[in-house]
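Chains as they are written, first to last, in UniProt numbering: chain C, 1 to 378; chain V, 1 to 397.
Please keep in mind that the hints were generated in silico from the structure rather than gathered at the bench.
We put the beta carbon where it would ideally sit given N, CA and C, even for glycine.
Mixed in with the good hints, there may be bad ones.
Stated by the list, open to error - In silico lysine-lysine, DSS-like type, Cα no more than 25 Å apart, as pairs:
#1 102(C) to 138(C)
#2 274(C) to 162(V)
#3 102(V) to 274(C)
#4 317(V) to 162(V)
#5 199(V) to 75(V)
#6 307(C) to 376(V)
#7 206(V) to 294(V)
#8 307(C) to 274(C)
#9 165(V) to 91(V)
#10 138(C) to 274(C)
#11 102(V) to 174(V)
#12 275(V) to 307(C)
#13 274(C) to 199(V)
#14 174(V) to 274(V)
#15 274(C) to 102(C)
Said to hold, decoys possible - Covered stretches of chain C, as calculated for chain V (at least 3 residues, CB under 8 Å):
#16 107–118
#17 210–222
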Amino acid sequence: MAVVAAGRVLLLGGRWSAATASGGPSAQTLRLIYTTTAAWRKNIAASGPEKYTEAFIKKQIEEFDLGKRHLANMMGEDPETFTQEDIDRAIAYLFPSGLFDKRARPMMKHPTEIFPEQRKIQWGEDGRPFHFLFYTGKQSYYSLMHETYEKLLNVQKHQDQLAAQGISPQKEKKNLVGSRWVTKTELEGMLLEKLSDDDYSRFIRLLEKLMTLPCSDIEENYIKKFSKEIAVQLQKVSVEPLKYDEQGVAFSTGEGVRKTSRATAVVYGSGTGKITVNGIDVLHYFPVLQDREQLLFPFQFLDRIGKHDTTCTVSGGGRSSQAGAIRLATAKALRSFVTEKEVEFMRQAGLLTVDPRVRERKKPGQEGARRKFTWKKR
Amino acid sequence: MLRSVKGFICRPLKLDRGFALHTAAKDCFSSVVSQDVQIPAEKPRAIFYTSESDPARHSEQHEGHHYSIPLEEVKAVLPHGLPHRFQQQIKTFKEACIMVRKPALELFTYLKNSNFAHPVVRYVIYGERGTGKTMTLCHVVHFCARQGWLVLHIPDAHLWVKNCKELMQSSYNKERLDQPLQASFWLRNFRTTNESFLKEIKTQQKYVWSKRDSTEQGRPLGEVVEQGLTRVKNASDVVGVVLKEIKQQCCLGSFRVLVAVDGVNALWGRTTLKKEDKSPVSPEELTLVYNLRKMMMNNWNGGAVVTTLSQTGSLFKPSSAHLPHELLGKEGFDALDPFVPILVPNYTEREFESCYRYYLHCRWLQHDKARTEDGKEELRFLSGRNPWQLERLAAPL
């Protein structure tokens with residue numbers, strides 16, 4: 001209402017009665033009796049995620065390309081053949097950061113990766129929507145379902161044609177093991193609209209039905225859009241073979257770290273279970289029972305307590321971290337003496353994993369890493 | 001340990017009869033006492049247990065075996081010599097079982113073959129911490145007591161050079177300092193161990209303690225000891241007198257003397273005691289230490305001096321020091337030189353096995369896993385076959 005708008009500008013809060021205007025088309029004049037600053041403060045949460053205009057994105061892309069060329073020049077490389085990996089390396093070099101979270105570190109990526117995709121306005125100037133399924137509410141989803149069903153019908157028609165010609169279609173068993181369908185979140189990202197679980201399962205069922213038909217090879221490209229390969233298993237760490245020293249005794253080395261300690265262990269195949277650390281017997285080097293128990297753990301797990309002799313060197317850290325480092329080193333060395341299954345057991349027991357816990361930094365404004373200063377009420 | 005409350009059964013054995021009698025079970029938490037458990041248990045016990053209770057007859061075939069000392073004998077012979085934890089173990093198990101080990105057997109052969117006309121030979125038992133030096137010493141003391149020797153057993157010489165509440169100036173010699181409490185404590189135990197000798201040995205000169213007290217010549221040594229116990233002020237001098245008398249008379253050959261000192265490195269180290277003017281006291285200024293040092297010299301014959309080095313109670317010595325040269329220092333080494341060193345190592349495989357079986361037999365190891373092979377391996381690894389470590393490990397199990 002024009003009157004209301006004018007009135008609001010005049011006064012900040014407080015009561016006022018509408019200055020009677022010349023009167024608009026409506027007979028009633030709205031009187032806004034009372035309003036507060038809160039009412040016209042922008043409600044950011046309700047407006048949803050920030051909307052980027054197309055022009056804005058285009059500008060960002062131009063800036064990015066320009067920046068890329070500048071960066072390439074700075075690094076002394078050819079701007080034409082400057083890939084994203086080169087960019088990452090250059091940024092890591094120019095802005096080194098010790099932050100643990102990779103997402104918090106400085107990065108320079110193409111704007112399409114940074115700014116999330118957003119739906120453009122779906123209707124034209126006259127207010128008429130572009131897509132014919134707009135009023136279903138989930139236009140992309142239903143259009144996808146229509147498309148997929150169309151492909152299905154296509155395949156069936158093709159099948160009928162082949163049957164009419166008398167050729168029975170041969171279907172090779174496609175290896176489904178290494179692939180999976182897109183997840184609901186991925187599909188939502190592709191379609192840019194929210195789905196329900198039901199919708200998602202309907203779509204997947206349709207895809208699977210399509211897949212099972214014998215002649216679905218013709219629509220393979222379409223199906224590939226919605227299937228992802230499962231990542232290859234974790235890199236297989238190859239177990240080193242045993243080495244033999246001059247006397248013919250089998251031995252194997254391993255390295256371990258924990259906090260700031262670094263340890264190397266040499267485990268000999270035949271022995272009485274003696275352990276020597278930095279030239280000192282384990283009883284003297286680790287007088288505390290807890291540390292010796294840590295050293296015992298790998299051998300005890302494999303039931304080989306009295307069978308191996310070990311010589312270790314360790315440096316750095318404190319008593320407990322040195323014990324942890326030696327434990328990791330002996331476990332790694334023992335892998336060579338042991339079957340693959342037992343290596344898997346060791347891995348699951350956590351004997352072969354590096355303990356990532358490091359001392360947390362102290363933050364300003366707090367007394368320690370987590371401890372805050374004493375809170376005083378006044 | 002006080003874990004005896006937790007379901008433990010005591011079974012003292014009658015050695016001379018050779019089979020086991022069991023008394024009523026003490027606690028009923030997890031008592032598994034039954035007639036048939038006893039008889040087969042006899043067999044495994046035989047592996048690590050010997051019924052030979054006279055140390056004199058111990059030989060290599062008994063090595064690694066435990067032998068039991070009757071409790072009355074323990075009170076008579078070793079009232080103050082055993083380590084504290086072992087005393088608690090005796091209270092728990094109701095039996096005192098000592099393992100026969102090589103160093104002790106070695107000492108027995110030396111003692112049996114020693115010529116008592118020659119000046120005394122000094123033996124120094126040394127080794128790492130917790131390997132059994134004090135136990136070896138107690139074994140030797142028991143041996144000599146059975147043989148009828150006079151035993152001068154000083155349980156821990158370190159007690160005389162630290163934590164002394166009362167230091168008095170000696171009445172005999174103005175420069176020296178007396179320690180009445182320690183001296184009287186030792187005299188009491190000395191009296192318990194050597195009752196018979198106190199009546200036989202006679203003083204050879206007159207001793208005047210004060211204006212009113214004096215001991216005539218020819219009185220039994222027992223009176224001197226009584227004098228020391230009643231008049232605590234003179235206790236240190238009494239100790240000196242006792243040592244002097246014994247030294248003089250033992251050369252005559254009527255009896256043998258064993259001087260057993262634990263922690264002999266205390267005699268030549270430093271003390272933590274201070275005089276009134278806060279100046280440190282050196283060991284020579286203590287009467288007890290001075291007299292004991294005279295005993296350690298090899299200018300007498302007719303006995304033996306067996307000593308132990310101990311780092312545990314020692315003052316101002318690093319914990320890695322365990323060799324005679326390190327612990328005794330130059331002064332002590334020269335004073336004790338020449339001596340026969342005897343090294344006490346950790347348990348051998350057999351001895352470890354024996355100790356483990358003993359604990360199992362006494363139902364000391366209650367944990368289920370402790371009875372398995374794996375448990376034994378674990379104990380072996382974690383203790384490093386060190387007796388002290390093993391004992392501490394087995395306690396909470």
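Hints versus structure:
1. 102(C) to 138(C): violated (35 Å)
2. 274(C) to 162(V): violated (38 Å)
3. 102(V) to 274(C): Holds - the C-alpha atoms of residue 274(C) and residue 102(V) are around 23 Å apart, at most 25 Å.
4. 317(V) to 162(V): holds (14 Å)
5. 199(V) to 75(V): holds (20 Å)
6. 307(C) to 376(V): It holds: about 14 Å lies between the C-alpha atoms, which stays within 25 Å.
7. 206(V) to 294(V): holds (21 Å)
8. 307(C) to 274(C): Cα-Cα ~9 Å, so holds.
9. 165(V) to 91(V): With Cα atoms ~30 Å apart, residue 165(V) and residue 91(V) exceed 25 Å; violated.
10. 138(C) to 274(C): Given pair residue 138(C), residue 274(C) is violated - Cα atoms ~71 Å apart, limit 25 Å.
11. 102(V) to 174(V): violated (46 Å)
12. 275(V) to 307(C): violated (57 Å)
13. 274(C) to 199(V): violated (55 Å)
14. 174(V) to 274(V): Between residue 174(V) and residue 274(V) the Cα gap is close to 16 Å, so the pair holds against 25 Å.
15. 274(C) to 102(C): violated (44 Å)
16. 107–118: This one is violated; 0 residues, fewer than the three required, reach chain V with a Cβ under 8 Å.
17. 210–222: Coverage by chain V is violated for the stretch 210–222 of chain C (0 residues, Cβ < 8 Å).
When each numbered hint is compared with the structure, violations occur for hints 1, 2, 9, 10, 11, 12, 13, 15, 16 and 17.
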